[in-house]
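Peer 1: Single-letter residue listing:
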Amino acid sequence: MSDRLEVRKTYKLYIGGTFPRSESGRSYEVTDHKGHFLANPALASRKDARDAVVAARAAFPGWSGATAYNRGQVLYRVAEVMEGRREQFVTEVSAAEGVTRRKAEGLVDLAIDRWVWYAGWTDKLAQVVGSANSVAGPFYNFSVPEPTGVVAVVAPQRSSLLGLVSVVAPVVATGNTAVVVASRTMPLPAVTLSEVLATSDVPGGVVNILTGAPWEMAPWLASHMDVGGIDLAGSGLDAVDLEKAAADNLKRVRRPVDADDDWTAQPGLERLTSFLETKTVWHPVGL
Amino acid sequence: MSTFDYAPAPESRAVVELRSSYGLFIDGAFVAPVDGAAFKTVNPATEEVLAEVAEGGLADVELAVKAARRAYTRTWSKMPGRERGKYLFRIARIVQERSRELAVLETLDNGKPIKESRDVDIPLVAAWFFHYAGWADKLDHAGYGPDPQPLGVCAQVIPWNFPLLMLAWKIAPALAAGNTVVLKPAETTPLTALLFAEICQQADLPPGVVNIVTGAGATGQALVEHAGVDKVAFTGSTEVGKQIARAVAGSHKKVTLELGGKAANIVFDDAPIDQAVEGIVRGVFFNQGHVCCAGTRLLVQESVADEVMRKLKRRVAALRLGDPMDKNTDIGAINSSAQLERIRTLAEVGESEGAQRWSPPCELPDHGFWFAPTIFTGVTQAHRIAREEIFGPVLSVLTFRTPKEALEKANNTPYGLSAGVWTDKGSRILWMAQHLRAGVVWANTFNNFDPASPFGGYKESGYGREGGRHGLEAYLDV
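Each protein sequence line maps, in turn, to chains Z and A.
So the first sequence is numbered by numbering that gives the first Met the number 0: it starts at 0 and just counts up by one.
So the second sequence is numbered by numbering that gives the first Met the number 0: it starts at 0 and just counts up by one.
I should point out that these hints are in silico values taken from the structure, not numbers from a laboratory.
It should be emphasised that the depicted structure is a prediction, and the values quoted were computed from it without experimental measurement.
Among these hints, one or two may not hold up.
What the hints assert, rightly or not - If the Cβ cut is set under 10 Å, some of the chain A residues that face chain Z in the computed set are:
(1) L17
(2) G216
(3) G240
(4) H251
(5) L258
(6) G415
(7) I428
(8) F445
(9) Y457
(10) Y462
Backbone N, C-alpha and C define an ideal beta-carbon position, used for all residues, glycine too.
Please take these sequences and the hints and turn them into a complete structure.
Peer 2: Structure representation (C-alpha cells):
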C-alpha cells in the first residue's frame, strides 16, 4: 500500500463538449452499493437540460450531415478509447452495481463491443431499411432513412454503463444528437464515458450527459419543443405524464423498459430505427 | 375570335342505389345502433340530403371491438397468409368491378370532381388492396424478423378528403398483416365506407374482420380510447393527432398518425416553367386543396417570379369550377359548410394581415359550398396563411433569392409532410431533397401517390409510414 494520497476526480456534467458544473450550483452524494461515499457529482437542473438541448441542436447539422463512414469511424474510436480506460470502467461499474470484478469486466467488454457493433451499422442501415419503390408510372422513387433530430434519452437506472451505451449508441449512430439523463444512483460510469466521448472525435454537443434526478429533468425534456424524440428507457414503467407531455410536439416515443431488463442480450434494429424518419423522393423519368 | 364553350358532360348517378338510411357494419352484418341515434350526410355540391347514417355510441363501439376481437382470435390470426391475401385480392377485384359506382358515390358524398374520384381515388383504392394482398404471405421477407406477428384489433379513424382511399390505406395493410379492424369514417363522408362493407360481404370476408362504425368525433374518441384496442391509426388534423397521442399515453397501444401539412413548392429560375405551373396548380388545387400534403406555400425564385405568376394566373383562370359530376370539372365543392367557413376566415385573415388576394373571374353555384381558387401574393413567413393549414384552394406565394434561403423558408414550419422542388439541375434537386425536412419530396412533379411508395410526415405531421414495406411496420408487433 502506497502512502501517496489519491487524486480524486470531480464528476461534472457534459454539455456541448465541455464539462460544466450545474448552473444551479448543486451536487449530490453518490455512494457505492455498500453505502460508502464515492463522489459528489453535479445535480443538474432543468436549465442544464435546456442548455444541453441547445448544444444538441447546434451539433445536429454537422453530425447528421457527416458521412456515414465518418460517423462509423468516430463511434469506433469511442470503443478504442474506452478500451484504454477499461480498468477505470471496471472499477466504477463494480462499485456502482455491486457486482464482482469479473462480472464488471464482462459488462465493460460488452459495452465496448456494443459501440463497435453500432459503429459498423452507420453505413449499412440505409441499405437495410431504405428502398427503391416500384411505382406504377414513369418515376424514379426511393426511400431513405434520416435522423429525427435531437433525442432525449433517460438511461436505464440499474445498468450504469452497458445499459447506457445500449441506448445512446443507436441514437447517435444514425445521426441524431442526444441529451442523456444518466442513472441517478450510479452516474459515475456515465461521467467517465463523457470523458471518453470528449477525446474520441465525437463533436461537442452530439452527446450531452446530465447527472441528477430524472424526475427533475425528464418532464422538461419531454415537453421541450426542440426535442424530436424521447427514449423513456429508464424513467420507470409509470411514465404516462412524460408520454403525454411528449405529445405537445408529437415526439417519437420509446416507452419505458423493465428496470431489470437484460442489457447483455444482442440488440436488434429496434433502437436504431426508433428515431429515424423515412423520406421518399419522386422524380419523373423521361427524355 | 370565337370561344369554345364546354357542353355539360354529366356523369350519370343511376349507377348508385342509395338507401334512405344505413346501419353500422358489425360482425358481418348491418345493424341498427344500440341507442338509435342518426345523422344526415349531404351532397356538398347541392346540399341535398343523401341518406341518414347511424351514429355509433359507446355500446356500438363495444360491440364492434368485441366482434373484431372474436374474428381475430378465432379466424383471421389463424388463417394462413396465403388465404388472407386471396381475400384482399378478391376485394381489389370487386373494387375494380364496381369502380364507377364507387366513384359516383364518392363524388356525391364528398364533392370532389368525378374525374378525380374516377381516375385517382378509386384506381388507387384497388391498387392499395392489390399491393397489400401480395404481402400477406410474405411477411417473413419484409425485414421485421422471421415470423412477425400482428397486433390484434386496430382502431382506425379516417378523414373526409379521400374517404375510400384513406379506408384502403388503413384496412389493406392491417388485414394483410393479420389484424382485424374497426374503422370510423368521417362524419361528412360515410357512404363509400358503407358500400365497402357490402363489398366485404360479396367477398365473403369472415364476419368481424372489418367493422365500420359511423359517427362523429365522439365516436372516434370512444373507439381510440377503448381498452380492447391494440393499435390506433389516425389520419386527420394535428390537433386531434396530439389528443390521440395523449389519450394512448401509458397504454400498450401502437400508434401511427398522418396529420397536417404546410408544404413548400419551390420553383428555381432554371425550372421548366410551364411544367412547374402545372405542378403548382395540381399541388394546391387538386381535390379543392383538401389535401394534407398540398403544396400551399409557393416559394418562387425572385428572377422568375413575374413570369411564373403571369402564367400561373392564366392557367388558374382556365380551371373549371362547378358541378362535380361533370366530367370537365376541375374544382368541385368544399366538403362542408364548416370547412368553407374555416377557409373563408383564414382568407380574410390573409387580407387583413396585408397580403394581396387574387381569384380569377369565377361564378359560384347558388347552392352548395364553394370557394374560388385563390392566390395570395406578398405573403411573409409571419402571416397566418403561410403558417396554418387552410385545407382549401388557397395558395400563398413567397419569393427567395438563394437555394439556402429557399430551404430555410421551406423548413420553417412545425409541419413536415411533403415538399416540391422544380429545377433542371440534378445536383440541386438532390441537395434540396436531402435537406428538406419532409416525408415526401416531389421533384419536378407533385401529388403522386402509389401503394408501393411510403408516405408520412416529419415533425408535427405525425409518425409512421403508409405504403409499401414500410407501411407494414405499423401493423406488426415489431
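Peer 1: Decide, hint by hint, whether the structure agrees.
Peer 2: Going through the hints against the structure:
{"no.": "1", "hint": "L17", "result": "violated (32 Å)"}
{"no.": "2", "hint": "G216", "result": "violated (18 Å)"}
{"no.": "3", "hint": "G240", "result": "holds (7 Å)"}
{"no.": "4", "hint": "H251", "result": "holds (8 Å)"}
{"no.": "5", "hint": "L258", "result": "holds (7 Å)"}
{"no.": "6", "hint": "G415", "result": "holds (8 Å)"}
{"no.": "7", "hint": "I428", "result": "holds (7 Å)"}
{"no.": "8", "hint": "F445", "result": "holds (9 Å)"}
{"no.": "9", "hint": "Y457", "result": "holds (5 Å)"}
{"no.": "10", "hint": "Y462", "result": "holds (6 Å)"}
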